[in-house]
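In case you want the letters, here they are:
There are 2 protein chains.
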Amino acid sequence: MEALQQAGVWLEAECGGQGTCATCAVQIQDGRVLWQESRLLSPEQIEEGYVQSCQATVQSNITVMIPETAQSASDRGYIPDIAADEDIALGLEPSPLSRKMVVQIEEGILRKGGSDLQSIARDFPPSQDISWTLSPLKGLPKVAHGDATEATITVVNQDCGRSVIRIESGDTTGRHYGMACDIGTTTVALKLVDLNSGRTLEKASAYNGQMECGADVISRIIYSQKSGGLQDLHKRVLRTINRLLNMVLTKRGILPDEIVSAVFSGNTTMTHLLLGINPKYVREEPYNPAVTMVPMLAGNDLGLHVNRDAVIFLSPCVGSYVGGDITAGVLYTRHHRSHRGVALFIDIGTNGELVVMGDDWMIGCACSAGPAFEGVGIKCGMRAATGAIEGVTVKDQGDKVDFQVIGGGKPRGLCGSGLIELVAELFKNGVIGRDGKIAMDGKAGRIRSVRNQRSLVVAAAEATATGKDIVITEQDIANLMRAKAAIYSACALLLKNVGLTMSDIERVYVAGGFGSHLNFKNAVMIGLLPDIGLEKYEYLGNTSLSGAHLALISKSHRDKLLQIARSMTYIDLSSEPGYMDMYTAALFLPHTDVSLFPSLA
Amino acid sequence: MEALQQAGVWLEAECGGQGTCATCAVQIQDGRVLWQESRLLSPEQIEEGYVQSCQATVQSNITVMIPETAQSASDRGYIPDIAADEDIALGLEPSPLSRKMVVQIEEGILRKGGSDLQSIARDFPPSQDISWTLSPLKGLPKVAHGDATEATITVVNQDCGRSVIRIESGDTTGRHYGMACDIGTTTVALKLVDLNSGRTLEKASAYNGQMECGADVISRIIYSQKSGGLQDLHKRVLRTINRLLNMVLTKRGILPDEIVSAVFSGNTTMTHLLLGINPKYVREEPYNPAVTMVPMLAGNDLGLHVNRDAVIFLSPCVGSYVGGDITAGVLYTRHHRSHRGVALFIDIGTNGELVVMGDDWMIGCACSAGPAFEGVGIKCGMRAATGAIEGVTVKDQGDKVDFQVIGGGKPRGLCGSGLIELVAELFKNGVIGRDGKIAMDGKAGRIRSVRNQRSLVVAAAEATATGKDIVITEQDIANLMRAKAAIYSACALLLKNVGLTMSDIERVYVAGGFGSHLNFKNAVMIGLLPDIGLEKYEYLGNTSLSGAHLALISKSHRDKLLQIARSMTYIDLSSEPGYMDMYTAALFLPHTDVSLFPSLA
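For the protein sequence lines, the chains are C and G, in the order given. Using our numbering, you'd call the opening residue of the first sequence number 1 and step up by one each time. Using our numbering, you'd call the opening residue of the second sequence number 1 and step up by one each time.
Only chain C is shown next, with the shape it has when bound in the complex (with noise of 0.2 Å):
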């Protein structure tokens, strides 16, 4: 594993090398590798030369077949999310944290004494209130002394004043950028936004190249504190955020200098991880993280492919474990909402964070999820994402399966929308029980036994776009029951916490990498949401990155979402005694009480 990320060969490892998972698999073609045979993979796989890359020491020039399965997602190449969020910027007049303006430059610089900078800048002279950086005064003389009349400069917003950043020849006030940005502990999904008109001009997204130190927080935590741990967290991350920078402003023509502002939501740990900061007391008592409120920064700070002196501006979180992106699901969601009353924000990630809120008030728990809504640890998961299966329908008993797939097309994998459609699915039509393993054996040879372990056959070798099985196994329909037992009781502890009951609920915004179409009433089946009628329901996409371009477009929502931050009270989870007995009773489907759900019955 060592030796293919020399070569910048990236694979998935969901244990982060410990050699307890088998997603690193690679087939040795020619030399000799030392390991010791495992488990993990099938008989057929060892006949036919795989190793845990993790686990195997090279001990010749070898070559390799890295399969599909094992290759980084962030390297299979960025499929854009689907998702409309073109309204975001409707009605907004955009207020962002870069200015462009054009000075006339024409008459100052042949008038005899004083510099160019006097000359060009006597609108935005170094002072009290405005500083310079070093990239614009070294771009001094060739505006001033070429054959525009004109130049643009960019102005930055920063904590106390303002800053000239840049200086351009010409009028290329047509032309101001910036990006929003969510760091999910599992995806990073990036937008490159027009300043000027507050739109979106492209989006992309991949997984966190930090998957492979590790699938949630807690062992991203623990990866940091290995020596060089939050070194290489931190430039995994800052790669994954720069390859998809790359690839959009490549698409787009844009330089990086041209990206001028940016803005980052985040869970706190990722925001750390971000920074450098060592994360290590987000789990240590009593659970303070270094920051929550993140000063702005300049891009040259963090090493991002934009603007050295671009302003950055983070997300604030609000603990250890609710963090920025949290804040800016919250602030998307006020924005878009026109319900008043009682509503519950879910955003179901790697970790499910929940917040309770009033027109004056909110509360905010979180829950750890695990990867499985985002295809992570899931046999054939994957993002939703071109190919991604996104909706199920079985028939006959299992015999008969249907779907649609992202983009149409050939599938290949299972998306978290299409899971959970599945697996209700397979619920409703009594393939699976009520305790999640495959009661029935089904006519059509879509249920396979391997090693005690059942698992059903989804679209067959020849009808996929890997030609191999896509399936679901009893593994990942555990998974997904862990998952969703995680955040429904975490739910009902918040309620519990703040006096109200389900019933009080008078809206639910569902925020997540899922596909476009999440199936609520599918969700409710598997008992991941609470059953308080699917009309109070309505699915947000990713609120993260909504929320980070709100904040990037707009400094009134800059200013909501820290009032946000500083507003909402954290209630933690891991202190209440009670959670250990309600995550036990949700895992089964929906629930051990299924009296919760009585719209099943």
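With beta-carbon atoms standing in for the labels, derived distance ranges: (1) G/T63 / C/Q36: 55 to 65 Å; (2) C/V498 / G/Q104: 29 to 39 Å; (3) G/A148 / C/G91: 47 to 57 Å; (4) G/K226 / C/I62: 46 to 56 Å; (5) C/G91 / G/Q231: 47 to 57 Å; (6) G/R32 / C/A3: 44 to 54 Å; (7) C/R340 / G/A148: 43 to 53 Å; (8) C/I62 / G/G253: 46 to 56 Å.
FYI, nobody ran anything at the bench for these hints, they're computed from the structure. Quick reminder that beta carbons are idealized off the backbone N, C-alpha and C, glycines included.
Start from chain C and add chain G according to the hints.
Structure of chain G alone, referenced to chain C:
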């Protein structure tokens, strides 16, 4: 020369590698080089295998001996300048650009909720008034969760607002350091300053590493227009500064990170090159530099070996040829002087700058003197450092020469003050005539003649530290005369411009990198300074460095410095038609018009 530079060996090259001087001559001991013999080398040198390294092409592996005379002065080791300035901080309550403050951490860290940042920085929260850089954020976890119950934060003042740039465990307010640095065209001088007391801890100086690229600002500007030239010059001066810094820091056991503020003063071209800004337009009509009042920058912007967020203040320039060294020099002069009335300030360096000032007005000009006063372009010249002959007495018509050496011991060369005194003494004794030519043969064998050029042995090989004769040549004398003529005629023209005469001047303050006792009588005798009464003269040493020191430690002096730059009127001598005539008239000892020097009669 390029091969040597790549190997890290820097040679003197007064002509900037054009082949027109022979200071870069080295001896080829083995191997083949291609080059054309040059008249600039003596037949003995050619016999011994010497070549001009800038003109020789390497054709095989070669072994080269680098004579001490060719070694770049910046490689010969750094010798602290000798100048008494410890009174600078006297009576000043330090108010530097940076402040260190102790904060209590114990309590906040144990309290649940919030972040380390909120706990530690409750008095300095990121806000409209205070920003934080990334470095102290990264330092937070270790400091907050360490054993110490208090921490020290460093806050710097920037153009707008303040910024927290550093956090340390415990109370480290006793360690608070800054640097002042004069960047001369020929010599860089630096002080390490204790910002608590305002006093100098260490001083060091060295030839500017740009020397190899030309001796004066004009040749530097020309060099900067070559491909890569600007970046090369920027890196060279940076290397000189960082070397000096490393030396003084190592000596005192201070870390680069502990240098949290710095003030630089240099002429306008040096200021541009330090910043990496193209100085091209300094010497093109209408002679407006890119910047004069430079915004505050960060250590990292320049690549200085100081704290990456250290605040960098540059002494403001007035115009293309009156720079930050002069405003700093005037600042120190006005701080120092007790006398009121019309004063003349003369900074004698590679450029000569003159300022005439009253109590509430000042007018300045500049002339190109060349680097002779700094020991460059003089066969046995050197800086005013240990081993330099700084005082000379000539007797017996040149047959007997006594001298004083800086630091005692055997002499290594002649510094500016020694050169002035030597020429004055030789003139007084009739050894040289009014045209600067050696007029007699002497009896002691001190006078020699090679190819129609005469020279005088000041110290014979057996009495020197180099084991070679220290001589003065007619060429050296001619260089000195050009330099003194430039200064004297600039002085005459400046006074004429403001309607004053020499006799209106009540006090003359002389600055420059001479030895500590510049003999004004001799300076007047050779016609460098006007003959207006020795009691009016005062030598202030490196006023640029002293002014930078004042600005480093005092807010009111920074304000005064900016006020000086704003209020100084600048006269451009190059556009004055009478200047060349006055210059030519001054190319004699002491002058063509001896009536201007009544005391010499």
